[in-house]
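Start from chain A and add chain B according to the hints.
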Amino acid sequence: MQAATATKGAISIRNVTKIYDPEGVNVMAVDDCSLEIAPGEVCMIVGPSGCGKTTLLNAIAGFHSITSGEIYLDGEMLCGPDKPIADQGADRMVVFQNGALFPWKTLLENVAYGPIVQGIMGKKEARDKAQDILAEAGLADFSMKFPGEVSSGMSRRAEIVRALINDPKVLLLDEPYRAMDALTKSIMHESLLEVYDRTKVTIFFITHDLEEAIFLGDRVVVMTTRPAKTKKIVNVAIKRPRDYTVLSSEEFRLLVAEAKGAVHEEAIKAFEAGERELA
Amino acid sequence: MNPNKATKTESPSSLEPPTGFWLFLYRANKGVRTSTPYLMFFGIALWLVTYYLFNEGWKLPLFNKIPGPVEVITEWISRDPIFGMSLFTEAYHTNIYVSCQRILIAFSIATSVGVPLGLFMGWSKTFRDYTFPILETLRPIPILAWVPLAIIMFSGFETPIIFLATLASLFVTTLNTLLGVDSIDESYFRAAGCLGSKPRHVFWHVVLPGAMPFIFTGLQISVGVAWFSLVAAEMISGDFGLGYMIMDSYMQNKYVTMVMAMITLGFVGWLTSAMVRFAGDRMMQWRVRALALEGR
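As you go down the protein sequences, you meet chains A and B in turn.
In terms of this note's numbering, the first sequence is residues 1 to 279.
In terms of this note's numbering, the second sequence is residues 1 to 296.
FYI, nobody ran anything at the bench for these hints, they're computed from the structure.
All figures in this text were calculated on a predicted structure; none of them were measured in a lab.
A few of these clues could be false.
Said to hold, decoys possible - Chain A is faced by these chain B residues, among others (derived, beta-carbon under 8 Å):
no., residue
1, Ser187
2, Tyr188
3, Arg190
4, Leu195
5, Pro199
6, Arg282
7, Trp286
Stated by the list, open to error - Distance condition first, Cα-Cα at most 30 Å in a straight line; then the derived DSSO-like pairs of lysine-lysine:
no., chain 1, residue 1, chain 2, residue 2
8, A, Lys129, A, Lys83
9, B, Lys125, A, Lys83
10, B, Lys125, A, Lys8
11, B, Lys59, A, Lys105
12, B, Lys198, A, Lys124
Beta carbons are placed, not taken as given, at the ideal position from N, Cα and C, and that holds for glycine.
Same shape as in the complex, but just chain A (with noise of 0.2 Å):
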């Protein structure tokens, strides 16, 4: 079921580098970061905890500024020199790491959401696209719920479905599966996975967990401990569509190992560092 080719979603991150200065001393976040990113590829961002790789996603996203760079959007600067901050928009849709599922609105109304506010379609055509999309997802049941009366499981999923409503260029993830057991993890990268091969949706993924990063990524990109360079990239050629089969393949260990290899370094320089995450 593959859709067809991604023509949207490429993203220039260049030169970028975010400096803090929460109590007067400048802690340098960012430092001098480029990444150019394919439409339609999946890039996965792995370092170690605190190292800034939020702060590159919050700056794509427009929560926050950058001190110098730029981060270019399909050819159009978001922002850079002149514009530190980015403007938010539905182009760049975030799935948070705790959710942010609006907890006063049942599934289906979160869902059509985006849609409603942005005066693109009316309420009743955006509920119905909602149920649509959320019975594609396997939601179709769960719609009138609300969002603390499902899963953890199933409400980051529909998180993704009120994102995709918006047919963004890009979806930004940070750590989105990061309080979850295992089992409910591995459903819910197939499930991505299987969004992704039918969108082909521009994916920014921020993660620490390895196996999560090759098995859905093309890219694994490893950061160095504050302030964030790029250190390490991984180039993963496993075919798509993919699934759980691919986490005993030979190839799969192989790739393991050597991202392995340049985060463990990076993890133990932070631990010594003990520095905490910035927001």
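What follows is chain B alone, placed relative to chain A:
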């Protein structure tokens, strides 16, 4: 025990979850099977017995001027009360009615001003910077300190009393609403931004519902505070009302009526706070349902 039978009585219609009145009945039925109502009655009974023993039983000196439970209850249900007030007299009803009406007015004004005020203070940093110092300066002034000012400013009995109750209630509601907005997780605002919300959408879809749990906690406290200041005001200047009834019967040595008014006040206060809680549960089904799954 037959397991089949157990599941049958548990949910007669397990396919369709009960809603509305049936859900109420289901919950009531479940509630009766727990120890809660029995402990509640036991607690009240224990309190009454202790009151009786201290007072009419052992006749402790501390209690010898205070009417005992038997005396109060007898007077309360008497068609021809010795001190002129009981369940069957119009004056008693008037006092309750007048106080409730004042609470309703004060609470409505305080809520309709306090909730929007708190929401805007939480939402707009500029607005908050302007208004927060004023709120924080006025709030610590005890409501009793406002009494002379209220009497000077407003004529008659009614307006100063309502003014005081409104004021007390307003501070609580505003502050809690403000804290409610502060409590909303940043990621909801970010998600709303990503999804293409304009500021008004953020206000209606994130700020207001997100602050709702705090707002209702605030409203429960606020209705209590309203009663407190209402009674204080009625005791000082009033013509009717439960506070007036307490003070008036005290002045005339009608202690039985005084105690009656106190218990009535407690009961009516509890009722109003339960009504606020009920309204909150109706408006926050998302929260009620999630809490129910946690067994609460």
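Right, here's what the structure says about each hint:
Hint status for serine 187 of chain B relative to chain A: holds, with the closest Cβ pair at about 4 Å, below 8 Å. Restraint check, tyrosine 188 of chain B versus chain A: the minimum CB separation of about 6 Å is within 8 Å; hint holds. Given the 8 Å rule on beta carbons, the hint for arginine 190 of chain B holds: about 6 Å separates it from the nearest Cβ of chain A. Annotation: interface hint on leucine 195 of chain B holds; nearest CB of chain A at approximately 4 Å, less than 8 Å.
The criterion of a C-beta within 8 Å of any C-beta in chain A is not met by proline 199 of chain B, whose closest approach is roughly 11 Å, and the hint is violated. Restraint check, arginine 282 of chain B versus chain A: the minimum CB separation of about 13 Å is more than 8 Å; hint violated. Here the hint on tryptophan 286 of chain B is kept, as its CB sits about 4 Å from the closest CB of chain A, short of 8 Å. Between lysine 129 of chain A and lysine 83 of chain A the CA atoms are separated by roughly 36 Å; this puts the pair beyond 30 Å, and the hint is violated.
A distance of roughly 23 Å separates the Cα atoms of lysine 125 of chain B and lysine 83 of chain A; the hinted pair therefore holds under the 30 Å criterion. About 38 Å separates the Cα atoms of lysine 125 of chain B and lysine 8 of chain A, which puts this hinted pair outside 30 Å; it is violated. For the proposed pair lysine 59 of chain B and lysine 105 of chain A, the alpha carbon gap of about 60 Å is over 30 Å, so the pair is violated. Restraint check for lysine 198 of chain B and lysine 124 of chain A: satisfied, since their Cα atoms lie roughly 20 Å apart, inside the 30 Å limit.
Going through the hint list in order, the structure does not satisfy hints 5, 6, 8, 10, 11.
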